[in-house]
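J.: Here's the letter readout for the chains.
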Amino acid sequence: MKSIEVKNLTKKFGDFISVNDISFDVYKGEIFGFLGANGAGKSTTIKMLCGILEPTSGDALVSGFSIDKDPESVKKNIGYMSQKFSLYGDLTVNENLNFFGGIYGLEGSILEKRKDWALKISGLENKGNILTSTLSVGFKQRLALGAAVMHEPKIVFLDEPTGGVDPVSRRKFWDLIHEISDKGMTVFVTTHYLDEAEFCNRIILINAGKLIASGSPAELKEEFIESTVLEIVCDDTIAVTELLSDEDYSQNVSVFGNSIHLILKKKYSENSEELDVIKRSISEKTGRQDNVKINIILPSLEDVFLNLLEKRE
Amino acid sequence: MFTRIISISVKEFRQIFRDKRSLLIIFLLPVSLLALFGYAISIDVENIKLGVFDKDNSETSRKYLSSLDASSYFTITEHIRKDNDVNELLNNGKIYAAIVIPDNFEKEIQSDKNVKIQYIVDGVDASTAGIVQNYLLAATFQFNGKIVAEELSRKGLKSVSPLNAEMQFWYNKDLDSTLFFIPGLIAMILIIITVILTSISLVREKEFSTIEQIRISPVTSLQLILGKITPYLILSLIIAASILLMGGILFGVEVKGSYMDLFIGTVCYLLATLSMGVFISTIAESQQVAFQISQLISQLPTIILSGFIFPIESMPYFIQLLSNITPSKYFIIILRNILIKGTDLAVFIDQIYFLLIFAAIFIFISAIRIKREQMT
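Protein sequences appear in the order of chains W and A.
Residue 208 in my numbering sits at position 208 of the first sequence, with consecutive numbering throughout.
Residue 184 in my numbering sits at position 184 of the second sequence, with consecutive numbering throughout.
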């Protein structure tokens with residue numbers, strides 16, 4: 001069942017086309033990753049899908065309601081949380097939950113039940129009377145998510161929810177996202193972190209307002225990287241990268257910490273002679289550096305996206 | 001629908017009461033402003049310091065001077081001996097006016113000649129000088145009458161004064177100017193406090209981007225405005241009551257009309273000022289800017305255009321038209337009617353309507369502006 005149906009959605013600000021004719025579907029209960037660089041049109045798209053920004057043309061059905069014709073019904077069926085964790089620092093945890101429950105029309109025993117649930121998932125049981133400003137960023141983030149889904153929306157939009165959070169908290173937060181998605185909620189999440197994108201059921205990538213790829217992480221890897229990827233561990237990664245990028249066999253070279261990911265132009269079987277030739281060529285480039293290792297690896301999403309984006313440029 | 005408005009109001013109340021220090025300021029500031037302005041603003045003229053240069057020093061001249069000294073308006077503080085001293089005393093501000101009585105004062109009066117008494121008045125403050133002028137003229141006129149009467153009776157004639165003006169002052173019997181200023185003061189304090197508080201509280205939500213979360217929720221812009229206004233309406237009604245109480249204790253202000261009328265009038269005024277605050281929040285992007293615009297828009301027109309100090313009737317026609325932009329003008333009329341005259345609602349019903357229209361217009365524009373902000 002489709003939870004969100006985007007059809008030829010376009011938004012222009014004057015001459016600037018922020019979102020350019022994008023179409024995609026999100027299915028019920030999915031964790032849907034929405035990826036793109038800063039200024040690629042992610043926030044504009046989210047604002048349109050939340051019913052607070054009118055599209056220039058095209059439309060989207062969010063939980064069955066048109067964002068163009070019936071944005072008020074859209075608002076009732078969604079939850080939203082951004083990296084700013086819009087909680088009131090001068091109110092306690094309970095008071096914040098009362099407020100966010102209240103503006104979605106929750107009251108009485110239902111409100112109490114949902115509040116207990118929100119406290120539980122954010123790990124703040126028995127801490128309802130703490131001032132929100134004194135919480136750590138990780139707790140604030142989970143509380144903000146709890147507040148955003150208290151009214152049990154069908155879809156929750158998370159706009160770069162893990163910005164500025166340490167890796168442990170990020171991991172806990174993603175556990176929470178999975179928990180919510182298991183309850184049947186559709187999760188629509190934007191992120192910068194490509195390792196997080198691996199947790200999504202499906203992802204789309206937009207660049208300069210245009211959709212350039214979509215599919216599950218595995219599909220994307222298969223579809224866009226048909227050739228072999230080599231990981232080269234060496235000391236002077238920058239110099240070697242420069243040398244390799246001019247070679248006939250290399251399609252894309254990028255640095256990942258102390259290793260280089262080299263995408264070749266073809267797929268080679270592991271022990272083929274051609275691959276050995278290439279490996280020898282690489283060894284020549286790295287010269288007398290110590291600890292050089294060359295391995296075939298499975299491509300990561302980062303490889304996919306860097307490859308895709310560089311092809312466009 | 002009401003759950004949403006109440007949630008916003010409750011949240012706002014909690015935030016107001018959480019910050020105890022600001023709360024103290026919210027309550028203490030109005031009361032201390034009232035005391036400060038109440039004592040400072042007064043155009044009653046009393047104990048004007050006079051210097052006298054009595055060149056004649058006769059029985060008649062002394063009688064004339066003591067008649068001035070006896071009134072509460074004047075006190076003779078200096079007796080001048082030299083012409084130069086007049087200059088010096090006025091320059092130093094030791095006296096406000098000097099009276100010079102010529103040397104053959106008594107003789108000339110007795111020989112039925114016209115005598116000139118010279119008054120030199122410090123004219124820097126035109127309005128006080130004008131009042132002093134009137135008092136002195138009246139005192140001289142009275143003394144004239146006495147001399148004429150004596151003169152006539154000496155000649156065996158009876159003096160007649162066919163016209164006699166008998167003055168009664170209604171509403172403000174003692175012509176106490178403080179009582180006249182109190183309504184304007186209440187209006188000014190309330191407008192400043194309410195406009196600043198509402199505009200800042202809404203702009204703060206913008207600054208902390210908590211407004212984003214409200215925009216994405218099903219709360220409409222009208223619900224947001226009503227939810228925001230309600231706590232400040234209640235708070236400022238309490239402030240209004242405390243100002244009135246303080247006015248009663250310090251300046252003897254009493255409510256001559258009905259308390260119900262007073263309540264209705266105050267609520268209508270507060271709705272108008274609060275909606276002004278909401279409107280300002282839709283144009284300001286930071287708390288600082290909101291604060292400055294609020295001060296400018298609330299304070300200045302109230303002092304200059306509302307009839308608080310300067311009577312609107314004596315303004316040029318164009319300025320009279322301009323005076324309609326401030327709700328204070330209407331509230332001052334309402335308050336003067338209730339507090340000083342004790343008239344009932346029917347007399348100032350037009351003012352009530354105006355305040356309500358004012359509030360409705362500002363709420364309407366703000367609601368549209370908030371909605372439009374969502375769209376960009």
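One or more hints might be untrue.
What the hints assert, rightly or not - Lysine to aspartate or glutamate pairs mimicking EDC-like chemistry, simulated, CA-CA at most 20 Å apart:
| id | chain 1 | residue 1 | chain 2 | residue 2 |
| --- | --- | --- | --- | --- |
| 1 | W | 267 | W | 235 |
| 2 | A | 206 | W | 90 |
| 3 | W | 84 | A | 205 |
To be verified - Simulated restraints, written as ranges between beta carbons of each label pair:
| id | chain 1 | residue 1 | chain 2 | residue 2 | range |
| --- | --- | --- | --- | --- | --- |
| 4 | W | 130 | A | 23 | 18 to 24 Å |
| 5 | A | 23 | W | 69 | 44 to 50 Å |
| 6 | A | 310 | W | 70 | 34 to 40 Å |
| 7 | A | 46 | W | 134 | 55 to 61 Å |
| 8 | W | 208 | A | 318 | 38 to 44 Å |
| 9 | W | 66 | A | 263 | 45 to 51 Å |
What the hints assert, rightly or not - Rough simulated footprint, nothing fancy, chain A against chain W, three-plus residues with beta-carbon under 8 Å:
| id | segment |
| --- | --- |
| 10 | 74-80 |
| 11 | 102-110 |
| 12 | 230-238 |
I should point out that these hints are in silico values taken from the structure, not numbers from a laboratory.
None of the values given here were measured: they were computed from a predicted structure.
No residue lacks a Cβ here, since even glycine has one placed at the ideal position from N, Cα and C.
J.: Would you list, in rising numerical order, the hints stated earlier that this structure does not obey?
T.: 1, 6, 8 and 12
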